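Count the sequence shown with UniProt numbering and you get residues 1 to 230, in order.
FYI, nobody ran anything at the bench for these hints, they're computed from the structure.
Just so we're clear, the structure is a prediction, and the values are computed from it rather than from any experiment.
Check the hints yourself; a few may be wrong.
Subject to a maximum C-alpha distance of 25 Å in a straight line, what follows is the list of computed PhoX-like cross-link-like pairs (lysine-lysine) [what the hints assert, rightly or not]:
{"id": "1", "residue 1": "Lys99", "residue 2": "Lys79"}
{"id": "2", "residue 1": "Lys63", "residue 2": "Lys83"}
{"id": "3", "residue 1": "Lys101", "residue 2": "Lys113"}
{"id": "4", "residue 1": "Lys93", "residue 2": "Lys83"}
{"id": "5", "residue 1": "Lys113", "residue 2": "Lys99"}
{"id": "6", "residue 1": "Lys71", "residue 2": "Lys83"}
Restraint ranges, calculated between C-beta atoms of paired labels, are given here [what the hints assert, rightly or not]:
{"id": "7", "residue 1": "Leu87", "residue 2": "Tyr124", "range": "32 to 42 Å"}
{"id": "8", "residue 1": "Pro198", "residue 2": "Pro176", "range": "20 to 30 Å"}
{"id": "9", "residue 1": "Val214", "residue 2": "Ala194", "range": "41 to 51 Å"}
{"id": "10", "residue 1": "Arg147", "residue 2": "Phe197", "range": "42 to 52 Å"}
{"id": "11", "residue 1": "Ile140", "residue 2": "Pro215", "range": "19 to 29 Å"}
We put the CB at the ideal spot given by N, CA and C, even for glycine.
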Amino acid sequence: MTSAKGGQTSEVRKATTLLSVKRSPHQKPIKMKRQRTITQMREKGKTPEKQLSDEEILSLQEKDFRLLMWKMMQDIGNKLEAKMDNLQGTLTKVIQDIKLKQEEMRNTITEIKNSLEAANSRIYEAEERISEVEDRLMEIMDAERKREKRLKTNEESLRELWDNVKRTNIHIIGVPEGEERETGTEKIFQEIIAENFPHMGKDPLTPIQEAQRVPYKINPRRNTLRPILI
Numbered sequence: 001m002t003s004a005k006g007g008q009t010s011e012v013r014k015a016t017t018l019l020s021v022k023r024s025p026h027q028k029p030i031k032m033k034r035q036r037t038i039t040q041m042r043e044k045g046k047t048p049e050k051q052l053s054d055e056e057i058l059s060l061q062e063k064d065f066r067l068l069m070w071k072m073m074q075d076i077g078n079k080l081e082a083k084m085d086n087l088q089g090t091l092t093k094v095i096q097d098i099k100l101k102q103e104e105m106r107n108t109i110t111e112i113k114n115s116l117e118a119a120n121s122r123i124y125e126a127e128e129r130i131s132e133v134e135d136r137l138m139e140i141m142d143a144e145r146k147r148e149k150r151l152k153t154n155e156e157s158l159r160e161l162w163d164n165v166k167r168t169n170i171h172i173i174g175v176p177e178g179e180e181r182e183t184g185t186e187k188i189f190q191e192i193i194a195e196n197f198p199h200m201g202k203d204p205l206t207p208i209q210e211a212q213r214v215p216y217k218i219n220p221r222r223n224t225l226r227p228i229l230i
């Protein structure tokens, strides 16, 4: 825009300078020279101020001078129009580039939004899977607690059952404390069987699986001997 204004100012200044030139009232027109000047202007069709000298301009009549000025103004208008067209073309190209960049930015923003939505979707799916795994883990832990509880209950039931089985076995009373360690529980049992059941002395006895005093600990307040449970 500054270049266009500078060119316009220069052309107008030249035109103003030409308009301010005064012709001498005593100057005689040179017909042949004027005719040659007009012919040159019409034939060449170029910018008048670049083709005519000051003497030739002063020799022009009023009509020819107006024609010269009209051509100069027309030339200035053509130059301005060309510069405006050039400027408009440049602005149009710049605007098109801006629109293209805006479209690219919109596409980039759309891609980023799609990527974020996909990432959020994957995060949501991962959270759902983690929640399912946690629920499954809680179920497994609960089942493990129940299994341990059942095992404990079974152990207690088995212990009670074993205690009940022991109650139906043989109780040997009157054996001094510590004698079973010296003689052996099985030998004491064989002696008692041979003494009380002579007819069974020759039959093989069932092997003793376990023998112990009951209760397990000696009660100092009781003077009675603890029986041996077989």
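Handout entry: Ascending list of hint numbers which this structure does not respect
Key = The structure conflicts with hints 1, 2, 7, 9 and 11, although it agrees with all the remaining ones.
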